[in-house]
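Each chain, written out:
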Amino acid sequence: MSRDLRRRSEGGPITSSDAFEDFVVTHELRLRQALTASLGVDRGRDAACDGLAYAWENWDRVRAMENPGGYVYTVARERASRRLRPVRVRFTIAGNPPDPWCEPALPAALAGLPERERVVVFLLHCHAWTMTEVADLLEVSKSTVQTHSDRGLASLRRALGVET
Amino acid sequence: VTVDIERELAQFGRYLDTAQQPIAIEDLVGLLAREAKPERAHGRQDRRWWAVAVAVAMLLIGGLVAIAAARRDRPERIPADFTPVTTLPTATATANGWVVFSGSDDSDDYDLFVVRDGLPVDRIVGSATDRVEETCPAFSPDGRRLAWGRAARNLDDGYSNAELGIADLNVDGTIARTITIPLEGDLLPPCANWSPDGRWLAFGVQSQAFWLVDATTGEIRQIADVTVSDLEWRPDGTELTVADGGISTYSVEGDDLNRVGETTGVGSVAWSPDGSRLAYQRVVTGSTADMEIWVMNADGTDEHLVASDFRSIHGIGPVWSPDGDRIVYQRVCSMRANASLVCREEHEAVVLDVPQTGFDRGTPAAIVVPPPETIGPDGPLWWYPFSVTWSPDGTALLYVAWSLGDKTSDVGVVVVPLDDPTSPVVLSDGIDVRVYSEFPWLPLQTWVASADR
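Taken in order, these protein sequences are the chains called A and H. Numbered according to this note's numbering, the first sequence spans residues 1 to 164. Numbered according to this note's numbering, the second sequence spans residues 165 to 617.
Treat the hints with caution; some may be incorrect.
What the hints assert, rightly or not - Over 12 Å on every C-beta distance to chain A, these chain H residues come out as not near it, computed from the model:
(1) Q185
(2) D281
(3) V285
(4) P305
(5) A379
(6) G418
(7) D438
(8) H478
(9) E512
(10) P541
(11) G558
(12) G594
As the list claims (entries may be wrong) - To give an idea of the interface, some chain H residues facing chain A are shown, with a C-beta separation under 8 Å as derived from the structure:
(13) E170
(14) E172
(15) A174
(16) Y179
(17) I187
(18) I189
(19) L192
(20) G382
(21) I384
(22) T402
(23) D454
(24) W458
(25) I477
Hints in this document: simulated from the structure, not taken from any laboratory. Virtual Cβ for every residue (Gly too), placed ideally from N, Cα, C.
When you get a sec, could you build the whole thing from the sequences and use the hints?
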């Protein structure tokens with residue numbers, strides 16, 4: 001299968017990898033955003049690569065799933081957790097100057113949230129996912145997503161000394 | 165300071181989208197190429213590998229044939245439309261005592277609260293102003309001690325200074341004495357299970373290991389390199405039964421972990437109160453949509469299927485009634501209670517009759533407990549359980565649940581009498597009850613039998 005993928009990327013004959021490329025186009029950004037929320041910028045992108053590679057190697061099974069994006073997210077996150085030593089999540093991008101776009105203390109405060117709250121806040125408010133989309137990804141109810149969001153935002157406001 | 169936090173988050177998201185490189189197909193090609201094994205140059209070596217592959221394949225085929233033969237002896241799957249025929253005991257005035265749970269009132273961290281029907285909720289551990297998470301409360305088997313997990317929760321480092329808290333309880337509800345056992349490293353607050361004799365506490369603080377603490381000496385053991393989804397003490401106290409994909413046992417005396425049998429996909433285990441039977445919940449195909457519950461004797465014999473073809477996202481697997489004759493489990497319900505919409509993750513409880521005597525290995529009688537209804541400020545609320553346990557006298561179920569109405573939602577601790585499930589009692593008004601745990605083996609609430617706590 002990986003030969004098919006390589007040929008396709010080099011302009012070779014059309015194969016079943018077309019459907020996979022559609023999957024990558026459709027899901028890559030959201031998968032990367034979700035894994036960045038879980039694992040940080042660098043580890044999140046690496047995990048998204050790993051997850052997509054896994055999806056390709058298991059494409060016949062993954063393509064038949066009801067929620068393939070959620071499945072690949074779960075697999076990628078689990079594989080990263082098994083492979084990597086737990087360290088504090090980082091939201092800085094190597095080689096880039098300090099982010100001039102937002103409150104400087106925000107990335108560190110966001111990184112300090114418990115993972116569930118961080119993922120929910122990050123996806124809802126940084127990337128404008130809907131409650132339903134976050135609930136689907138995490139396989140929790142929308143009320144749980146709302147609870148995590150409220151708590152995460154309250155923690156961020158307190159960390160940044162923001163008046164409510 | 166005036167900062168629009170949501171605007172700042174949106175800005176940060178746009179920045180990341182711009183600064184982070186998208187993943188292209190070429191990146192995956194490179195990754196797959198790196199992971200691909202180099203091709204062998206010599207045919208002789210290839211032939212050797214082929215011989216090994218053929219041998220392994222033959223072993224696998226033999227194993228599959230053996231498994232298929234074993235499965236032929238098992239009963240057929242339970243039909244989806246079976247008719248419940250059982251009856252349940254009537255609720256009576258009993259010595260059901262206090263319920264303890266983790267929740268938050270006006271602070272942003274969780275504390276421990278106790279409550280019983282007719283009395284107000286009372287905070288017993290933590291304060292509204294500290295930044296310490298108090299969670300996973302568990303009464304000791306004799307109801308005289310309380311164990312829970314705690315950790316400082318700060319924004320720079322997440323959780324730190326995780327500890328196991330153990331308190332002696334007075335009959336008037338106050339805490340007489342508290343000891344804390346610190347755990348090294350930045351770990352999550354532990355969720356502990358008491359051994360039947362009240363000496364040991366077993367818990368996990370991350371997914372790749374579990375711990376034991378001797379509550380009498382403070383000795384700490386770590387059993388590493390095992391992915392645990394459930395921990396259950398054998399009622400005689402000699403072993404800890406571990407769901408780690410299969411079923412394993414940890415001997416306290418021998419300090420060793422051994423796999424038992426060849427069952428796969430096991431996520432939850434539960435011993436009957438007298439230790440004569442073990443129930444376990446397993447995933448058949450790797451999907452939460454296809455689950456089964458099996459019951460077997462303590463020696464591994466007489467294994468039979470008691471529930472199948474159900475989907476479950478929340479819950480702690482099968483839970484035995486105090487008399488050992490029934491099992492309650494959770495499944496995603498087929499229809500929402502408040503609308504003609506397909507149910508997505510709303511759960512219902514199912515009570516199975518599996519008496520110790522007279523159970524003939526056939527399909528057990530079952531009662532489906534539909535989501536109980538209360539009246540909220542904007543109309544009806546239907547309560548869907550996150551975790552379900554029994555009252556000490558076996559007449560009611562105790563839910564930590566979330567509710568949905570047409571306009572509002574809530575979370576709470578709810579008593580559901582089995583003789584009248586349409587008359588639930590919400591015990592936790594005004595408290596943001598903790599409904600999520602990283603450790604699925606411990607219920608989010610426990611109900612002590614003693615009239616005093």
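Hint by hint, here is what the structure shows:
1. Listed as outside the interface, Q185/H is inconsistent with that label: its C-beta sits roughly 7 Å from the nearest C-beta of chain A, within the 12 Å cut-off.
2. For D281/H, the shortest C-beta to C-beta distance to chain A comes to about 25 Å, beyond the 12 Å cut-off, and the non-interface label holds.
3. Here V285/H stays apart from chain A, with its beta-carbon at least about 18 Å from theirs, past the 12 Å limit.
4. At the 12 Å boundary, the C-beta of P305/H stays outside the reach of chain A, the nearest C-beta of that chain being 31 Å off.
5. The non-interface label for A379/H is consistent with chain A: the shortest C-beta to C-beta separation is roughly 27 Å, beyond 12 Å.
6. Residue-level check passed: G418/H sits 28 Å from the nearest beta carbon of chain A, beyond 12 Å.
7. With 12 Å as the threshold on Cβ separation, the claim that D438/H sits away from chain A holds: the shortest Cβ distance comes to roughly 35 Å.
8. A beta-carbon of chain A comes within 12 Å of the beta-carbon of H478/H; the shortest separation is about 9 Å.
9. The non-interface label for E512/H is consistent with chain A: the shortest C-beta to C-beta separation is roughly 14 Å, beyond 12 Å.
10. Listed as outside the interface, P541/H is consistent with that label: its C-beta sits roughly 16 Å from the nearest C-beta of chain A, beyond the 12 Å cut-off.
11. With a cut of 12 Å on Cβ distances, G558/H stays outside the contact zone with chain A, its closest approach being about 29 Å.
12. Every CB of chain A is more than 12 Å from the CB of G594/H (nearest about 15 Å), matching its label as outside the interface.
13. Here the hint on E170/H is kept, as its CB sits about 5 Å from the closest CB of chain A, short of 8 Å.
14. Evaluation of the E172/H hint against chain A yields a held restraint, the C-beta minimum of about 5 Å falling below 8 Å.
15. Hint status for A174/H relative to chain A: holds, with the closest Cβ pair at about 6 Å, below 8 Å.
16. For Y179/H, the interface hint holds, since its Cβ comes within 8 Å of a Cβ in chain A; the closest pair sits about 4 Å apart.
17. A least Cβ separation of about 5 Å between I187/H and chain A falls short of the 8 Å threshold, and the interface hint therefore holds.
18. Taking 8 Å as the C-beta cut-off, the interface hint given for I189/H holds, the closest approach to chain A being about 5 Å.
19. Taking 8 Å as the C-beta contact cut-off toward chain A, the hint placing L192/H at the interface holds, the least distance being around 5 Å.
20. Given hint, G382/H at the interface with chain A, is violated; its Cβ is 25 Å from that chain's nearest Cβ, farther than 8 Å.
21. Evaluation of the I384/H hint against chain A yields a violated restraint, the C-beta minimum of about 20 Å exceeding 8 Å.
22. The criterion of a C-beta within 8 Å of any C-beta in chain A is not met by T402/H, whose closest approach is roughly 31 Å, and the hint is violated.
23. Because the smallest distance between the Cβ of D454/H and any Cβ of chain A comes to about 12 Å, over 8 Å, the interface hint for this residue is violated.
24. The interface hint given for W458/H is broken, as the beta carbon of that residue sits about 24 Å from the closest beta carbon of chain A, more than 8 Å.
25. Checking I477/H against chain A by beta carbon gives a least distance of about 5 Å; that is within 8 Å, so the hint holds.
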